[in-house]
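Sequences and hints are given; from them, build the entire structure.
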Amino acid sequence: MRDLLADLIESARARAGYADARFVHSRVERLSTRNGALDQIDSRESEGIGVRVRVGGAWGFAAVRGTDRRDAEAALTRALSIAEAQPAVPEATPLAPEPPAQGEWSNSVARDPFEVPLEEKLAILLAADAGLRTEPGVNLTLARFSAFQTDKIFASTEGALCEQRITECGGGMAAVAVDGESQIRSYPASHGGHVAQAGYEHFLALELPGHAPRVASEAVALLRAPACPPGRKTLILVGEQLGLQVHESVGHAVELDRVLGREASYAGTSFVPADGIGSLRFGSERVSVTADATNSGGLGSFHWDDEGVEGRPVPIVREGVLAGFLSSRETAAEIGLGRSGGCMRAEGFDRQPIVRMTNVNLEPGDAGSLEDLIADTGDGLLIETNRSWSIDNRRLHFQFEGEAAWEITRGERGRLLRNPSYAGVTPEFWGSCDAVCSADDWHLISLLDCGKGEPGQVMRVSHGTAPARFRDVEVGVA
Amino acid sequence: MNTLEVAERAAGHAGAGALALVTRERSLMLRFAASTPTQSTGIDDVTIEIAVPLRGNVGLAATNAVDDESLAHCAARARGAAEAAGATHDGSFPGFDPEYDAAVLEAFDSATAELDPALGGAALADAFAVAEAHGVEAHGIWTVAEQDQAWATGDGGGSEVRTDAFMKVICIAPNGRSGYASQSAIAVGALSPAALTEHAALKAAPSAAPVELPPGEYPVVFEPQAVGWLLDLLGATAFNGLAYAEGRGALVGRLRERITAPAINLSDSPTSVRTLPRSFDAEGSRKAPLPLIQDGVAHAVAHDIRSAALSGTVSTGHALTPGGDPGGPHPTNLVLAGGGARDEAELCSQVERGIYVTRLWYANVVRPKETLITAVTRDGTFLIEDGKVTRPLRDLRLTDSVLGILSHTRALTSEQKLTSDGEFYGRRFAYGVVCPALSADAVRFTGAAG
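Protein sequence lines, in the order shown, are assigned to chains A and B.
Going by the working numbering, the residue at position 135 of the first sequence is 135; the numbering climbs one at a time, nothing skipped.
Going by the working numbering, the residue at position 79 of the second sequence is 79; the numbering climbs one at a time, nothing skipped.
In short, the hints are calculated from the structure, not lab data.
The structure displayed is predicted, hence computed values, not measured ones.
For every residue, glycine included, the Cβ atom is placed at its ideal position computed from N, Cα and C.
Do not rely on the hints blindly, as some may be mistaken.
Rough simulated footprint, nothing fancy, chain B against chain A, three-plus residues with beta-carbon under 8 Å [unchecked claim]:
id: 1; region: 35-45
id: 2; region: 60-67
id: 3; region: 108-122
id: 4; region: 339-353
id: 5; region: 391-402
Part of the chain B face toward chain A, derived, beta carbon under 7 Å [what the hints assert, rightly or not]:
id: 6; residue: A62
id: 7; residue: E246
id: 8; residue: A411
id: 9; residue: E415
id: 10; residue: Q416
Structure representation (structure tokens):
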């Protein structure tokens, strides 16, 4: 395969200003149970080659399944014809320089999840599912396992030739209770649970069966819980809900293709200006955010991105001030950055790389543990686990709803509340952050379904956060 | 590639009772931003899904290789999955029961299937020229595709070749105001790049500063594009047969009851050429018209084989995955009947003070059992005063029940439009909603947007 890609690139060299080719072999395994029975047992495999060329300033990309040499050459010809058919692009910016990627890399895996017998995985899911059904009043129980393995080889006309294997694994579960309205509780998170760049050991460590009775009990308790009252409150966000807040209002807002208007027709633009580095106040001095493709276990981790740029930590916000962007070689060059942020990722061989999040993390603060933060809060709300999310096309006005909230009264966690929605405006919201817990409470959460691009691409990303507090937030809005 | 031949070989490897679904995509998409080409993607790929039912469980495996060795390996994985499930418990899946004499549809256009990049290049050039004449930038996509799909069991199979074409244009004026227009069709020749851009440019043109409205309830005129979003979300929350069977659907206990205004007549019409038609679903079940709401009364939900078995009925041909998608079945060819209003202007004429919405965006379900959703308006939101569109409005966040909005529906235009968002995640599955513009007396807005 390396030889085929090298030959393709050699053939492209005389016909395009730049070209790259990626071979991708993907394996996916999804198992789930539903009300004590099998819901899904799905094993998928695909492979193919995607060729991207730049002619003048116009990009062409064509993908073909399989590894047939003639098909791959036809894909190159197709990519060139697509690029050449488009209206001329004036003044194409040179790509930001990058040393050619060379070598091999794979993430750490103790036990290959694809080698574990299906019966063993199903037994854990069924045990979790049974635990969820111990609570009367639960209508629907779900438990799921997911594993992904991606082999990639990348070559470019600039001399890159590198190979990576990425293995990801994890799972989760949920209980739904219905009585007039429906309520859901998930563990360890919604959106497919918690998946990490790791082997089967990560799925085992989630200990789904052990948590099942509590999850089911909370789902039923939510039916009887009072609704979150409207008003302005102090808010503590934890885990996945805070991760999603970072994802939607920080991560997407600093994607440089959006900032430059390239995604206006679909994902939208951004309130963040391209010249805002060093001057735009994004949040309070407590807020520092880093996009780090080197986090162990993060779904946004890799050694090289899908245009051969080495992954590294990129400062995004420092003490509340914009410090950088998620970028590609093309977009970085356009605003005069010396180097790409290394954020180009493609869903598979048949999608071209676009600017995506790596692991966009809220850096830990000094507020101690979650218990310390609650004790320090006085009155407020703690919201956990995301249920609904929406944000406008400039990533400015958002509205989220969690699965559950707990009242905080005089520094103690109190009664459970249902339907805890809240809304805000991105820089004001992050400006109201007055405490972030310490490094011991900092963890990665995963999101498996970040959609972007045309044709659409779904990307898996992680976000590291420690519980954080926000003052004077509008709640009970939905 | 003959997809039916591949499906029959795949089914043969899988053995009795198994079903193979083969979907080949050939597509081309050109993107543009600020009146400049940005990304372009040509795809030629195939997905072969093999589903093996065993002791009431379905094992599913997929590959994109068509040689016999790969198909045999894929079939073995599917069978192994079903056996693993069967070792732990018996399931309730009754087995595949496809129709071998599916309807023949007019869903193919040979010019579209050529995937000619020169046609796309010309479409972009037309859009850029119109945008320049209006002093705005054009952003959007132009895309065409051919989907060749076949299914087979050991007893035979069926196949169908469809094409689809889609273009959307968002024009952005120097002051940041934007306008939207899109068109979806079976044939690329039906797309009108210049007219679309003209429409979008005129929406972006008003130079008056946008007015802000506080949160509250307002009368609204929704263009078809926005109505299509609402109905698609309704499909997921109310007409999902799996959610219904599990007691969490919005129509549990409400079938044969009035759930909307009497003016609402909604059906799934998969063979109508006004939609993007398809004659069979992912389980080979024949698709047929399904009345969902008639004169405001709920009539049915959509089923695949699994959800139908749970409800003690038969599939309505709405499977998205062989053996049942975890998300449940979903209508894919919704048609909302038109009303008596001549056009959107006539709908506005009945509104003293309200909001004109071109499209909704980032819609998400908040509470599915209540069909409560939230979304923001985008690319053409205006104030209606004394029966006329008067000024641009700052975008707003809508948070309301879709069934509630349909209950407050006052009038519909007679003309319907095929609406689509042109979102093509995974293997391309082009679908749209045919619907008119709609006015509703009271819609809840919870904040600002944009």
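These are the hints, each one checked on the structure:
no.: 1; hint: 35-45; verdict: holds (count 11)
no.: 2; hint: 60-67; verdict: holds (count 7)
no.: 3; hint: 108-122; verdict: holds (count 4)
no.: 4; hint: 339-353; verdict: holds (count 3)
no.: 5; hint: 391-402; verdict: holds (count 8)
no.: 6; hint: A62; verdict: holds, 4 Å
no.: 7; hint: E246; verdict: holds, 5 Å
no.: 8; hint: A411; verdict: violated, 28 Å
no.: 9; hint: E415; verdict: violated, 26 Å
no.: 10; hint: Q416; verdict: violated, 25 Å
Figure legend: structure checked against the earlier numbered hints; hints not met, in rising order: 8, 9, 10.
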